[in-house]
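The task is simple: from the sequences and hints, build the whole structure.
If you're matching them up, the sequences are chains A and B in order.
Counting from 16, one number per residue, gives the positions in the first sequence under the working numbering.
Counting from 16, one number per residue, gives the positions in the second sequence under the working numbering.
In case anyone wonders, no lab produced these hints; they're calculated from the structure.
Take these hints with a grain of salt, some might be off.
[Said to hold, decoys possible] Ranges of calculated distance between the beta carbons of each label pair, as one might list FRET restraints:
1) B:G266 with A:Y462: 41 to 51 Å
2) B:G266 with A:R337: 35 to 45 Å
3) B:K138 with A:I359: 38 to 48 Å
[What the hints assert, rightly or not] Distance condition first, Cα-Cα at most 25 Å in a straight line; then the derived PhoX-like pairs of lysine-lysine:
4) A:K162 with A:K50
5) B:K319 with A:K138
6) B:K50 with A:K255
7) A:K75 with B:K68
8) A:K75 with B:K40
9) B:K255 with A:K50
10) B:K319 with A:K76
11) B:K68 with A:K68
12) B:K367 with A:K326
13) B:K76 with A:K326
14) A:K326 with B:K75
15) A:K76 with B:K326
16) B:K68 with A:K76
17) B:K255 with B:K95
18) B:K76 with A:K68
19) A:K40 with B:K138
20) A:K75 with B:K367
21) B:K75 with A:K40
22) B:K75 with A:K68
23) A:K264 with B:K319
24) A:K326 with A:K354
25) B:K40 with B:K50
26) B:K326 with A:K138
27) A:K75 with B:K319
28) A:K319 with B:K138
29) B:K326 with A:K75
30) B:K95 with A:K50
Quantities reported herein were computed from a predicted structural model and do not represent experimental measurements.
The C-beta atom is built at its ideal place from N, Cα and C for all residues, glycine as well.
There are 2 protein chains.
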Amino acid sequence: MSKEIGITAKRAENFSDWYVQVVIKAGLADYAATKGFIVLRPYGYAIWERIQKFIDHNLKKSGHQNAYFPVLIPESLLSKEAEHFAGFVPEVFWVTQAGNNPIGERLATRPTSETIAYASFGKWIRSWRDLPLLLNFWNSVLRAEIKATRPFIRTSEFLWQEGHTVHATEEEADAEVMMIAQLYRRLMEDILAIPVEIGYKSDKEKFVGALYTISLEAMMPDGKALQMGTSHNLGQNFSKPFEIRFLGKDGQEHYAWQASWGISWRLIGATVMIHGDDEVFTSLTAQKMRVYVDSREQYTPGWKFNEWEMKGVPIRIEIGPRDIEKGQLTVVRRDTAEKSFIKIDNTAPEIKKLLVQIQKNLSEKAKGLLASKTKTANSYGELKNYVEADAGFVKAPWCGKKECEEQVKEETGADIRLIPLEGEKPAPRCMVCGENAIHMVYFARAY
Amino acid sequence: MSKEIGITAKRAENFSDWYVQVVIKAGLADYAATKGFIVLRPYGYAIWERIQKFIDHNLKKSGHQNAYFPVLIPESLLSKEAEHFAGFVPEVFWVTQAGNNPIGERLATRPTSETIAYASFGKWIRSWRDLPLLLNFWNSVLRAEIKATRPFIRTSEFLWQEGHTVHATEEEADAEVMMIAQLYRRLMEDILAIPVEIGYKSDKEKFVGALYTISLEAMMPDGKALQMGTSHNLGQNFSKPFEIRFLGKDGQEHYAWQASWGISWRLIGATVMIHGDDEVFTSLTAQKMRVYVDSREQYTPGWKFNEWEMKGVPIRIEIGPRDIEKGQLTVVRRDTAEKSFIKIDNTAPEIKKLLVQIQKNLSEKAKGLLASKTKTANSYGELKNYVEADAGFVKAPWCGKKECEEQVKEETGADIRLIPLEGEKPAPRCMVCGENAIHMVYFARAY
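Here it is as structure tokens:
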């Protein structure tokens, strides 16, 4: 393989360069002509389609339906929930002209669809008979990024799905939030082979406008956490300004309870970061085996081997004249480079078995990474040392006060990534202020 | 059914009101909180998903791949092909601010993706080995509409697919354009049961920047034509400004040949207009039978019958105690209101047969409509009379000159909708100027 098309950066030496090279050179994505935006190329789009298929299928099975809402949102609507607006406004793109004319009210390109959707929900929902409303949107959202673009991880537009549900009671909203978090976990762990930690966000880090946020967080090989997906209980924070009310069975008017949740194409980025050294991500998302026969005569076998290796195809099958003579195929695993021979008659079950082994191998390796990057700090000094030394997740006792959280962030760069759903009993004292600790939380620097 | 939820407008009396009522009250779409935009609701989205499934499956079978490009396009890029820019600029939404700051160069919300995509194509294509490039995008496009919103037909944003392909020769681009037009025809006639006429657009009406455009046009019950889909040969009009060049087998650099093509959610609108009286559009797009069991106890059978009738479900199955006794089901067709009984043992094949009959019935009716709304004019006076009298398509001989085309438009409101692919021999004289006629073309007023 020539230097130009190969991957020249080493993962262990320059993780960031290596990541971008894999994404670009494997043909998953490319920088777009619009600054801060990327193009999702066919090879990357195929992975996105597998993610879509799993989520869409399971959402429909649990009674959710798809819908589409406008990409442009009037400013007056976006600002209806004050905290939400303040949270998003620094990164909103504004449309101010149509054709050659100024428009009356600025229109925001959708940073998320709570406001535009809930204006309609308020019209549609009248009675308990209309609940629950379980909707999902496959679309893109825009958030102006001023920092350097990183494909899939930091881009001014990204593909995602956003779910928006309306319930009669707080308990039903709670159950929805948790059900979705568990669906996301299955996608991440069982399909993408990326182990995640699940827990609550601190008040400082939760979604702007939510009662609480459940987050799924993965640990990357460079020691930084990556937020993989979130599921929010919005309480009645939006139903009140948007007047989403229903006539209950009790004959009284009630404000509804709401949830919203989403995952984005950053899962493709996470998959590259975690499995990119083995580059076998196409196998991860395949429910059926996909076979591509490279019959191009203009390329040599060596050239083809290199190309598919870079693309991360999990299994390469070679058939030469001697193989045919012997009634066998030569099979090369991408993750271990092992070569073996299988009888032609037995191809399908053997390949299937091999794919299961590869998936298991990746999953085990990723679990090992997570374990090796998770530590427990018994003091603030220890936490600082671990974070400085690129330790990944550091579990530490916390009192629940924002001031302590902010001090850690300021002095170490680490956030509270999550408060575990079922946390272990914390050490008795907050490692920052020494007061009573109430949670054992996960700190980390993050993407 | 109460007046509020029923459809009060009559199709024959006020087609426009009737159409909007069916769309809104059947729950296909709703007006959005953003002026000029609509919400695609779950029942409408399900129809869009069936359209997507048919097109996506067939595009993949013929070697096309999906990709995603940014929704924001820098002005300098959009204006690179002058005619194209002039054509779209009156209806472009412009982003001029990000957060609280003005941005350097205005960004257009995508009116179509030729320019943003071809900037990347120019980078990716180097040699004949990279051709053909066959891409498709599922996204939405924005075109500021100043006229009154009409769901699916005239909205400032619409869902569509846009295909963009690059070829080594003009002949290959020609073949692609035609292949896609025929795929679209299959979707419209075989799946949606809407007969269409296929032909070339006149130079005045073709896509801005194209060499030529093939259009598929259907005739609506109110005598107006509806453009259902288009497929363009772009020639080298974009490959030159965007420098899409390749090294040919001959060792020389060549500019590539390109095609683009698309269909949108207006097909849902067309289906409502054509079949909405029978309202059985859910059957049209179903590849498998979909069954919904309405087990809601809070509604009476009569209420449920009315609701599903309005939603246009093609077959209603009733099971009462007497049916169970007799081992039968009561089956009611939506299109003819015929009631029949089938043996429970024989349900699946009988229902399947019935669905085929319904589909055939709809198709026949729609063909009858098209035939009754197509006339031939032997003089300009006749054409005028037919158009005034709401005649639908009027075939007439034309010399090919833009002046004659414009005169007809000005005096009657009718455009040339298409020049048939294999037209009949025209009458000898242009019906406007009396010079040699070269085509027998289809005139109509249109949406």
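Pairwise beta carbon distance, B:G266 to A:R337, judged against the given window 35 to 45 Å: Cβ of B:G266 to Cβ of A:R337: about 36 Å, so the range 35 to 45 Å holds.
Proposed proximity, B:K326 with A:K76 (alpha carbon, max 25 Å): Given pair A:K76, B:K326 holds - Cα atoms ~22 Å apart, limit 25 Å.
Given pair status - A:K354, A:K326, alpha carbons within 25 Å: Given that 25 Å is the threshold and the Cα spacing comes to 18 Å, the pair holds.
Pair hint outcome, B:K255 versus A:K50 [Cα-Cα no greater than 25 Å]: holds (23 Å)
Proposed proximity, A:K138 with B:K319 (alpha carbon, max 25 Å): Holds, because 22 Å separates the two Cα atoms, which is no more than 25 Å.
Agreement of B:K75 and A:K68 with the hint, judged by alpha carbon distance not exceeding 25 Å: holds (16 Å)
Pair hint outcome, B:K95 versus A:K50 [Cα-Cα no greater than 25 Å]: The given pair, whose Cα atoms are some 17 Å apart, holds under the 25 Å limit.
Pairwise hint evaluation, A:K255 against B:K50, where the allowed Cα distance is 25 Å at most: holds (23 Å)
Restraint status (C-alpha distance of B:K76 to A:K68 at most 25 Å): This hinted pair holds, its Cα atoms lying about 18 Å apart.
Hinted pair B:K326 and A:K138, Cα distance within 25 Å: holds (19 Å)
Whether the CB-CB distance between B:G266 and A:Y462 falls inside 41 to 51 Å: holds (47 Å)
Restraint check for A:K75 with B:K319, where alpha carbons must lie at most 25 Å apart: Given that 25 Å is the threshold and the Cα spacing comes to 23 Å, the pair holds.
The structure is inconsistent with hint 12 alone, although it conforms to all the rest.
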